[in-house]
Amino acid sequence: MPGLRTSGVLGRDRVERARTDVSSQVGEVQADGSAAELAPRAPDDAGRPRQDIGPPRQIPGLRRLVSRKARERALGYTLLAPAIIIVGVFELFPLFYGFYISLCDWRLGCQSIIGAENYLRGLQDPAMWYALLVTATYSLITVPVQLGLGFLIAVMLFQRARGHELFRTMMFLPYITSTVASAAVWSYIYSPDNGLLNTILRGIGVPGLRWLGEPAGVFALMAQNVGVTLPGWAHGPSMALVSVSIYTTWVFIGYDITIFLAGLVNINAELYEAAKVDGARGWNLLRHITFPLMSPTIFFLLVVTVIGTFKAFNHIFVMTGGGPSDATQTASILIFQQLYAFNRYGYAAALAFILFTVILTLTLLQNHFAGRRVVYE
Amino acid sequence: MIGTAAEQATTARPPSQPAPTKEGAGLSVGGVLIQVVIVLAALMAVTPFLYMLTTAFKTYASVINNVIWPWFPLGREVPQLGNFWEAVTTVGWDPQWGVYLFFRYLANSLIVAGCIVAGSLITATLAAYALARMDLPGKQVLFVLVLITMMMPEDLTIVPKLVMMFNLRWYNTYLGLIVPSLVSVFSIFLLRQFFMQIPRDLFEAALIDGMGHLRFLASVVVPLSKPALLTVGLLNFIWAWDAFKWPLLVTRDSSMRVLGVGLQQFMQGQGTQVHLLMAFAAMVIVPVLILYFLAQKQFREGILNTGLKG
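Chain order of the listed sequences is A and B.
Take the first sequence: its letters are residues 1 to 377, numbered as in our numbering.
Take the second sequence: its letters are residues 378 to 687, numbered as in our numbering.
Rather than coming from a laboratory, the hints here were simulated on the basis of the structure.
All C-beta atoms in this analysis are idealised placements derived from N, C-alpha and C, irrespective of residue type, glycine included.
Careful, some of the hints might be misleading.
Unchecked claim - Some chain A residues flagged as far from chain B (calculated, every beta-carbon gap over 12 Å):
(1) S67
(2) A81
(3) W106
(4) S112
(5) I114
(6) L123
(7) A127
(8) Y130
(9) A136
(10) V143
(11) L157
(12) E165
(13) L221
(14) P237
(15) S325
As the list claims (entries may be wrong) - If you anchor each label on the Cβ, the simulated ranges turn out as follows:
(16) B:S405 x A:Q224: 38 to 44 Å
(17) B:V455 x A:R373: 55 to 61 Å
(18) A:R107 x B:W474: 50 to 56 Å
(19) B:V455 x A:M222: 40 to 46 Å
(20) B:P472 x A:L201: 43 to 49 Å
(21) A:G115 x B:M528: 26 to 32 Å
(22) B:L410 x A:A116: 42 to 48 Å
(23) A:V206 x B:P472: 22 to 28 Å
(24) A:G323 x B:N544: 31 to 37 Å
(25) A:L364 x B:E581: 51 to 57 Å
(26) B:F543 x A:F99: 14 to 20 Å
(27) B:F543 x A:L364: 19 to 25 Å
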C-alpha cells in the first residue's frame with residue numbers, strides 16, 4: 001500500500017525530530033522511559049523527563065524490568081478485553097449454551113434434559129436428510145461452475161489488459177450490493193410472467209420457464225422437451241435450485257476473479273518466458289505453470305466457497321423461502337424455519353450441530369485430499 | 378487458509394510485473410474472442426442493476442406488458458420519478474416516530490451500521506495492536522480461539538444468542554441489533570496484519586522518546602494505518618448494511634426493522650407492484666454503490682485481505 005510507505009516516512013521523520021529535540025536529555029529519558037512507556041500521558045508532556053515517577057533509580061534493573069513487563073501485560077490484556085469479552089459472550093459462550101439447549105426439551109426455558117433425543121430425531125427426520133441432500137447438490141452445482149468460470153475470466157483478464165480495470169469493477173459490483181436487494185431484483189428477473197429472462201425467451205420464440213418456481217429436475221425438463229421420460233434418479237437438480245445457483249455465481253464470481261487475479265499477479269513472469277523459449281504454448285503454460293502455482297489460491301477459494309454454500313441462507317430465504325415443495329430447502333433454511341416458524345429451539349440447536357459436524361468433516365476431508373496436492377513455491 | 382489470500386495481497390509484486398501479454402494478440406482470433414467473452418461477462422454482471430433501475434422508472438402498465446424500454450425513442454412514456462416516493466408511502470407509516478416506515482428503516486439501518494462500524498473499529502484497533510505489537514503470553518491461543526469463531530457457521534450460535542436476547546430483555550431493541558456485532562474478527566485479523574508491517578524501529582524510537590504503547594498507538598500507528606482503518610470501516614459498513622438473518626430474528630415490530638428486512642417484508646406483502654419493489658431495492662443498493670465507487674481500492678484490498686462475505 002503506497003499510502004503506508006509515504007506516511008511511514010513522515011511518521012519516522014516526526015519521531016526523529018522529537019528524538020533530536022530531547023537529545024540533550026536522552027540519558028534521563030531512557031532512565032525512566034521504562035516506566036513512562038507504560039502510562040498513558042497527556043499530550044503536553046511528550047518527551048519531557050518525568051520527575052513524578054515514583055522510586056526510580058535505586059531499584060535494581062531486574063526488578064524494574066519485571067514490573068515493566070507485568071504492566072505491559074496488564075495494558076495488553078486491557079486492550080484485548082473489549083474484543084475478548086464480546087467474542088466470549090456472543091460467540092464462545094453461545095457455543096456451549098447452544099449445546100445445552102440442544103439437550104433440552106425447550107419451551108420458554110429448559111423444561112427437562114432429554115439428552116440426545118433432539119439429535120436422534122434430527123437424524124431420523126427425512127426432512128433433515130433431504131435438506132442435507134439439497135445443500136450438497138447446491139454446493140456441487142455451484143462450486144465448480146463458479147470457480148471454473150471465475151478462473152477462466154481471471155486468466156483472460158490477466159492476459160488482455162484492455163479495459164481491464166473497468167471490467168473488473170463491473171464484475172465486482174454484485175458482490176458488494178446488499179443481498180436482499182439483489183435477490184429481490186433476481187426474483188423479478190426470474191418471474192415467469194414478466195421477468196427479463198422469460199421476456200427474452202419468448203422474444204426468440206421459446207416458451208418461458210418457471211425458474212425459481214419449478215421443482216422439477218433440469219434433466220427431466222430437457223428430456224420432456226424431446227418427449228423422453230427419465231427415471232427418478234436421473235432428474236438432476238431442480239430448476240429452482242439451479243436458478244438459485246446462477247444467482248450465487250453472479251454474486252460471487254467477481255470476488256473469485258479478484259482473488260485469482262491477486263494470485264496470478266504473483267506468478268513470476270520469467271517462468272512463462274522461460275517456458276516459451278522451450279516451446280510451450282497456451283494450454284501447456286496453463287497446465288504446467290499457472291495451475292500448480294495457483295493451487296494455494298484455488299484451494300483457499302475451494303474451501304471458502306464450499307463452506308459458503310453450506311451456510312447459504314439470505315438469498316435463498318428471500319427468493320424462494322425454501323420452496324417450491326422444499327426444492328430449495330437447504331439445511332440452513334430448515335434450521336431457521338424450525339426456530340422462526342415453529343419455535344423449536346432445542347431441535348433447531350441440535351440440527352445446527354449436525355450441520356456443523358457435516359461442514360467440519362467436509363473441510364477436514366478437503367484438507368486431507370485436496371490440501372496434499374497444493375504446491376507451494 | 379485465510380493466510381494464503383492475505384499473504385498474496387500483501388506480498389509485493391515481483392519486479393518484472395507487466396502482465397505477460399502476448400504481443401500482437403489483439404489482432405489474433407483468440408485475442409478478439411477473449412475480449413468478447415470479457416465484455417459479455419461484464420455486461421451480465423451489470424444487467425440486473427440496469428434492469429432494476431429501468432424498472433424503477435416505468436409505469437405499472439409497462440411492467441405488466443413486458444416493455445423493456447418504454448421511453449424515447451422506442452416509446453412515449455416519461456420516466457416515472459414519482460415511483461420512488463410512491464414506494465416510500467406504500468411501505469407504510471411508523472406511528473412511533475411519526476414518519477413513513479421507509480425512513481424509519483433507513484434510520485435504523487444507519488444507526489445500527491454506524492454503531493457497528495464505530496464499535497468494531499475501536500475494538501479491532503485495540504485488540505489488533507495488542508496482538509501485533511505487545512509481548513503477551515497466551516496471545517497465540519487467544520488468536521487461534523478467535524479464528525475458530527470465524528469458522529463457525531452462524532446457525533450454531535443463533536439459537537442460544539436469541540435466547541440470550543430474550544433473557545437480557547434486548548429482544549426487539551437496538552442493543553440486540555448492535556451489541557453482538559460489535560467485534561469483527563476479520564477486522565482484528567486485517568488490522569493485525571497491517572500493524573505488523575509497521576517497522577519495529579519506529580516503536581523503539583518512540584520508546585526512547587518516552588512514548589507509551591497507548592500514545593504510540595494513537596499518534597503513530599493510527600495515522601499510519603488510515604488506509605487500513607478506512608478499509609475496515611467500509612467493509613463493516615457493507616456487512617452491517619447487508620445483515621438480514623439476525624435483524625429478522627431479533628426484531629418483532631416493523632418500527633425496529635432495518636432496510637433489508639423491510640425490503641423482504643415489502644416483497645412478501647406488496648411484491649406484485651414490481652416497479653415500486655425495484656425503486657425500493659434501488660434505494661437500498663445505491664448508497665453502497667456510491668461508497669464503492671468512492672473507495673474502490675480500499676474495498677478490493679480489504680476483500681483480498683479478509684476473504685468472506687458477511
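Structure-based check of all given hints:
{"no.": "1", "hint": "S67", "result": "holds (14 Å)"}
{"no.": "2", "hint": "A81", "result": "violated (8 Å)"}
{"no.": "3", "hint": "W106", "result": "violated (8 Å)"}
{"no.": "4", "hint": "S112", "result": "holds (16 Å)"}
{"no.": "5", "hint": "I114", "result": "holds (16 Å)"}
{"no.": "6", "hint": "L123", "result": "holds (17 Å)"}
{"no.": "7", "hint": "A127", "result": "holds (16 Å)"}
{"no.": "8", "hint": "Y130", "result": "holds (17 Å)"}
{"no.": "9", "hint": "A136", "result": "holds (15 Å)"}
{"no.": "10", "hint": "V143", "result": "holds (15 Å)"}
{"no.": "11", "hint": "L157", "result": "violated (6 Å)"}
{"no.": "12", "hint": "E165", "result": "violated (9 Å)"}
{"no.": "13", "hint": "L221", "result": "holds (23 Å)"}
{"no.": "14", "hint": "P237", "result": "holds (21 Å)"}
{"no.": "15", "hint": "S325", "result": "holds (19 Å)"}
{"no.": "16", "hint": "B:S405 x A:Q224: 38 to 44 Å", "result": "holds (42 Å)"}
{"no.": "17", "hint": "B:V455 x A:R373: 55 to 61 Å", "result": "holds (60 Å)"}
{"no.": "18", "hint": "A:R107 x B:W474: 50 to 56 Å", "result": "violated (35 Å)"}
{"no.": "19", "hint": "B:V455 x A:M222: 40 to 46 Å", "result": "holds (43 Å)"}
{"no.": "20", "hint": "B:P472 x A:L201: 43 to 49 Å", "result": "holds (46 Å)"}
{"no.": "21", "hint": "A:G115 x B:M528: 26 to 32 Å", "result": "holds (27 Å)"}
{"no.": "22", "hint": "B:L410 x A:A116: 42 to 48 Å", "result": "violated (58 Å)"}
{"no.": "23", "hint": "A:V206 x B:P472: 22 to 28 Å", "result": "violated (50 Å)"}
{"no.": "24", "hint": "A:G323 x B:N544: 31 to 37 Å", "result": "holds (34 Å)"}
{"no.": "25", "hint": "A:L364 x B:E581: 51 to 57 Å", "result": "violated (43 Å)"}
{"no.": "26", "hint": "B:F543 x A:F99: 14 to 20 Å", "result": "holds (18 Å)"}
{"no.": "27", "hint": "B:F543 x A:L364: 19 to 25 Å", "result": "violated (35 Å)"}
Of the numbered hints listed earlier, those contradicted by the structure are 2, 3, 11, 12, 18, 22, 23, 25 and 27.
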